[in-house]
Amino acid sequence: MAIYKKSIVSRIFSRENVLGLIVLAFFIVLSIFTNFNTDAGLTSYFKEAAYLLMASAALTLIIITGNIDISAGTLMGMCGYAAAYVAKLGAPFYLFIPVAILTGVIFAGINGIIVTKFKVPSLVATLAMVNVHLGIYTLLPSGGWVENLQENFTDLGGTVYFGFIPLILIISIIVFIGIMFFMKYSPFIKKVYAVGGNKDAAVLVGVNPDKVVMITFLIEGLLIGLASIFFYTTKHIVQANSTFGMEMTFITAVVVGGTSIAGGSGKIMGTAFGVLLLAMIKRAMIFFQLQDYYSYAVQGIIIIVAVLITFVEFGGKKKDNVSFEAIKEDKVNG
Amino acid sequence: MAEKTINKKKFKFTYQMGLFVFLAALILFFGGMEDWIITKPKVLFGLTENIMEIGLMALPMTLIIITSGIDLSVGSNMALSAVVLGAVYGATQNFGLALACCLLTGILAGALNGLLIAKTKIAPLVMTLATMSLYLGIAKIISGTRIFSDFPDGFTFLQTSKLFGVVPYQFLLFIVLAIIFWLFLEKSSIGRYIRGLGLNEDAVKYSGVKIASIKFSLYTVSGFICAIASLVYLSHLPAAKPDMGNNLNLQAITAVVLGGTSIMGGIGNMTGTILGVLIIGVLRKGLQLIGLGGDIYSFILGLVLVICLIGFSVFENRKKLEL
Amino acid sequence: MSSILELRNIDKSFPGVKALDDMKIVLEEGEVHAVVGENGAGKSTLMKIITGVFHSDKGDIILRGKKIKMKNPNEAFSKGIAIIYQETSLFTDMTVLDNMFLGHEPTKKAMGFIKAIDYKTMRKRATETFAKLGMEIDLDAYVRDLGVATKQMIEIAKALTYDADILILDEPTAALTNKEVNALFVIINRLREENVSMLYISHRIEEVFVIADRVTVIRDGQYVETAVTTDVDTSQLISWMVGRTLDNLYPKTDVEIGDPVLEVENITQHGIINNMSLTLNKGEIVGIAGLAGSGRTELAHALVGFTKIDSGTVKLDGELMKLKSYSDALAKGIVYISEDRKEKGLIVDMNLRENISMPILKKLSKMSFIDTSKETETADEYIGKLSIKTPNCEFVVNNLSGGNQQKVSVAKALANLPKILILDEPTRGVDVGSKSEIHRIMSKLASEGLSIIMISSDLPEIIGMSDRVYITKLGQIVGELDRKEIDQEEILKLAL
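Note that the protein sequences, when read in sequence, are chains A, B and C. Numbering (this note's numbering) for the first sequence: 1 to 334. Numbering (this note's numbering) for the second sequence: 335 to 657. Numbering (this note's numbering) for the third sequence: 658 to 1153.
Source of the hints: derived by calculation from the structure; they are not laboratory data. Any given hint might turn out to be false.
As the list claims (entries may be wrong) - When the alpha-carbon atoms are kept at most 35 Å apart in a straight line, the in silico DSBU-like pairs for lysine-lysine are as follows:
#1 C:Lys939 <-> C:Lys965
#2 A:Lys199 <-> C:Lys675
#3 C:Lys1076 <-> C:Lys979
#4 B:Lys521 <-> C:Lys1019
#5 C:Lys1141 <-> A:Lys119
#6 A:Lys119 <-> C:Lys736
#7 C:Lys1141 <-> C:Lys972
#8 C:Lys728 <-> A:Lys211
#9 C:Lys1101 <-> C:Lys979
#10 C:Lys675 <-> C:Lys724
#11 C:Lys1046 <-> B:Lys455
If we strip away everything but chain A, and leave its shape as in the complex, we get (with noise of 0.2 Å):
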C-alpha cells in the first residue's frame, strides 16, 4: 500500500524528459533549415558542447551547495593560457592537461578558501575575483595571449572521427558519464546536495559543510580545467580574456535544466540537456548571422522563462495520508 507516488502525468512530462524532447525537436528543425545536418555543422556544434558540458557540470555542482561562481569564464581562460603556454614549450598533451586542471584547481580552491574559511558570500566575492583575474591576465606574459600554437596543442581539438565527431567531445562524454555515475554513487554528493538543501540539518548528521564546499570548488576547478582545453585546442590562438563573460552561458545551462539556484537540487542531466540545447541555439543564430546582436538577449530571456517554469513546476499541495494500520488495530486510551 504506497502512500505517495508522483501521478504517472507528472512522471512522463518530468523535466529532464520534456527538455530531452525540446532538444530532439530543435535539432530536426535545425537539420531542415540550416546546415546543421553537415559534416561541418555537427563538428562545431560538437564541439561547443564538448567545453560546455564540462562548464556547466562543474558550475552544476557548485550552483547545488547554494553557491555560485562568477568567475568560471576567467578562470576558464587562466587554465587554458596555462596550458598553452606549457605546450609552447613543446610540453605534449599528458603534461598541458594536468597543467590546465591544477591551474583550475588552484584558482577554484582559492575562491573555495574565500568562501569557506572566510564565509563570504560566494557570488560578491566571485564577482571580486573576475577583476583579480583579469588583473593576472595583464601580468601574464604577452598579456595573456599565446600564438602560433603547435601540433602538439592544435591536433587535441582538430581531431575529428567518421568527419563530424571530434575527439573532444568523445572524452568530454566520457568523463561526464563518469560525472554522472559519481553523482548516483558517491556518498559525497548526497552531502553536497544536503549542505545546499540544509546546512543546518546536514551538520547534525554528522556532515562538514566547510568541507564538502570546499571540495566542491576543487571538483569545479578541476573540470573548468578541463573545459579549458576543450574549448581552447580548438583554437589557434589563445586569449585568456576570451573566456571573459562565459559563465553566464554555463549558468544558463544549469538554470534551464532544472537546477535550482537556491541550492539543494538539481539533475546532471538536466544540464546535459541544457547545454546541448543552448548549443543548438548559438549554432542557429550563428547561422542566420544573428550571433553578434542577439545572443544576448536571447540569452537572457532563456533564463527568465527557464527559471518562471520551474515554478509551475513546484506546485501542488502536500500529501499526508500516512497509512497506519495501526490504527485500526490499536487504540490509546486518553
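Position chains B and C relative to chain A; hints supplied.
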C-alpha cells in the same frame, strides 16, 4: 545587558571610521605622489570625475542589497538608456524627446526587474543576471555597428560646468541624491520596512506592509537612476555604445559592500556607500595619475573588495561569538 | 531494569547564565521517560549535552554502565543515541530514502576499490525499518511533498537506521493532530516493545500521563523530582515545575458580552471552506476547535484578508466588509497573530521599539518620516501593560527570553489598537507559567472590550477560556457549543 546594543553601535562606528581613515590615507598617498591635495580643491573634485555614474547607481543598490536582493543589470540598463538617447537624438535631433525616451527606458527596464521579482519567486540574482544579458542584447540590436556620438553642444555640462567654478554639477547631483536616499533609509517608514525585509520578510508582511510594491518601486527607481547615470557618463564620454556599462556592475556593488552593507541583507547604510564610492573614485583617479591604467585598477578593486569582505566577515563573526 | 543512560552532576554555563546546575537524570532500559519543565528550564540544553552538541563543564555521562565523553553529534549516532527535533531536520529536495541514510549510506566496492552506494541494501533496510513501525511509504517520494506527521515518522525511522536504542523526542506532538498523535503513540509503544529507551520532552502534560512510564521535572536548570507517572497527577507536576501552586490555570473572568462585532454568513472558498457561518460578539472569546486541516486556519486567513472569499458575506459592526489584503484588515482593526510567532512575527535583530511600532509605523510618522519619540512612547506603554522584562525599548529582541519575545509579538498586535484579535494557537509550545499569563492578558483584553477568536488544538484551553466554541470538520462548521455545554467529549465527538 544594555552593553550589547552599545557594542553594536561601537562596531559600526569603527568600521566606518576605518573607511574614512582608509579614504584619507588614499588621498594622502596619491597626494604624496603629486603635490595637489590641500591647496587645490579643483583637483580634489577632479577625483570624482569618472565615478559619479557608479556613485549614483550605488545609491538604490544599497537599498536593494539591504532587502537581501541585488541588481546585476545596472550597467546594461545604463548602456541601453544611453543607446536609446543617442539613437533617438541622432534620428530626430530633438533632445527633449531623446531625453524622455532615455529616462523611460531606464524606468521600464527597472520595472521589468521589479515586476518579476516582486510578483514571482524568482531570485533577484537570477533575474538581474538575465536582464543584464537581455538589456545588453537589446542595446546591441539597436546599435548595430554604430556608435552614437551625436549629441547637442553643451551636453557635457554635467561634467564640465562647475558651481562657483569648483564643484562639478555631477558631484552636486550625487550629493543631493545621496542625502535624499540617506534620509529615506534612516528616517522614513519605508526605510524601516526595507531593513525589515532584509532581516525577516515574513514579519514585515505580517505587519500589513505591501511588500510587493516596495520591491517593485526599488528596482524601478534603480532603473531610473541608471538612466540618469547614463547622462552623467555620456557627459564625459559622449559616445554611446552597448558595452559601455559592462564593468560598472561590479564597481557599483563594490562601492556598496565596501561601505559596510552586508550582502546577506538587513545591515547597511548610505554613509558607508558614499565613503565606498569616494574610495573607489580616489583609487581609480590616483592610479591613473601614477600611470597605472584600467586593468590594474580592476585588479586592485577586486583585491580591495575581497580583503574588505574578508575583514567584514571576520568582524561579524567575532561579534557573533561575543554574544 | 537497569539504567541505560545516566547523567550525573552536570553543570553547563554560557556567558552570563548557568543553564544546568548539578543536573541529573536516569533513563531505564526500555522505558519512556518524560522530561517536563518550563521554557528555559534547561531541557533542550540537557538534550544537547546528551547528543554531543554541547560539552558539559562538569559531570559525567554514563552509557550502558560506562563513562563516556560525547564529542560531537555524529558520535551520538554511532553510540546509538538519536534525537528527533521539533523542526524536522530533513532535506526537502531529497527523497525519503536519501534522507534516511544521508551520512551513513551502506556502500560496496565498485570496480574493486571505489566506494559506491549500495542502493539495494539501502532499500531493503529502509523498507524493513518502516515495517517495524508498521508503515509503508514510497521511498522515492520527495520530502517536500509530504506533510508534517509523515516527516516526523521518517525522522524516527531515520533514527532507527542508526540502530539507535535511545531515542530523544523533543516536543514530537507540537504540530500533530490528535489522530496523528495517536499514531505516534502506537509507534512509541512498538518501540518500547523492541526495548528502545526514550526520553520524551513535552509541554503537554496530559500526554505525559498517557505515554510515559516515569517523569522527571526540572526547573531553572536544576533537578527537581522524578516520579512514576501513575503515582502523581497534573497539579503535582505543575507545582514541581513552577515551584508554587498555580490554582487558576485558566483565569477566565466573566465579561459582559455585547453586540455582534463580526457576523460571518455562509462563506465559501472553493475546495477549502464550505459554507461557514459564525458570530463574534463584543467582549467574547470564541474558541475554534477541530482537527488540523479542518479549515480553522484557512477560515482565519480568509477573515483577515490573506486569501479571498469566493461567496458569502462578512459584516463588521453590522456593515458589509470586503477585504482586499491584510493591511485592509489591520486598518479596520482586525489583527491576526499566527502560530509561527518567532519566525513570522518578530524581527529578532531589531529592538523592541522597532518591532512594536512596525504595524503602525504610518501612524507614527509625519509625511513618511518616523517620529522616534512617539515610537518610544508607544513601546514603553506596552512594555508596561504586558510586563515585558527588558531594560528599555532599545533592547534587541533576540536577547529577550522566549516568553518575553512572545509578549513582544502580542504588543505588536495590540499596537494596532485592534477591535478583533484572531489568535492561532496562542500558547503552542509555551510553558505553563507563561501560558497562564497569556490567558490572563486575553481575559483582560476581553473585559476591556476586545473581541477574540481563538483557534486552538489544546482542548483544556478551549474549554477553560471560551465563551462559546465552534467546531470545524472538513471545511465546515459542524457544531456550536455554549460555555455551559462545553466539555471534552462533546467537542471530540463533533470534530472527529
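Do the hints match the structure? See the list:
no.	hint	verdict
1	C:Lys939 <-> C:Lys965	25 Å, holds
2	A:Lys199 <-> C:Lys675	29 Å, holds
3	C:Lys1076 <-> C:Lys979	17 Å, holds
4	B:Lys521 <-> C:Lys1019	12 Å, holds
5	C:Lys1141 <-> A:Lys119	61 Å, violated
6	A:Lys119 <-> C:Lys736	32 Å, holds
7	C:Lys1141 <-> C:Lys972	27 Å, holds
8	C:Lys728 <-> A:Lys211	19 Å, holds
9	C:Lys1101 <-> C:Lys979	29 Å, holds
10	C:Lys675 <-> C:Lys724	24 Å, holds
11	C:Lys1046 <-> B:Lys455	39 Å, violated
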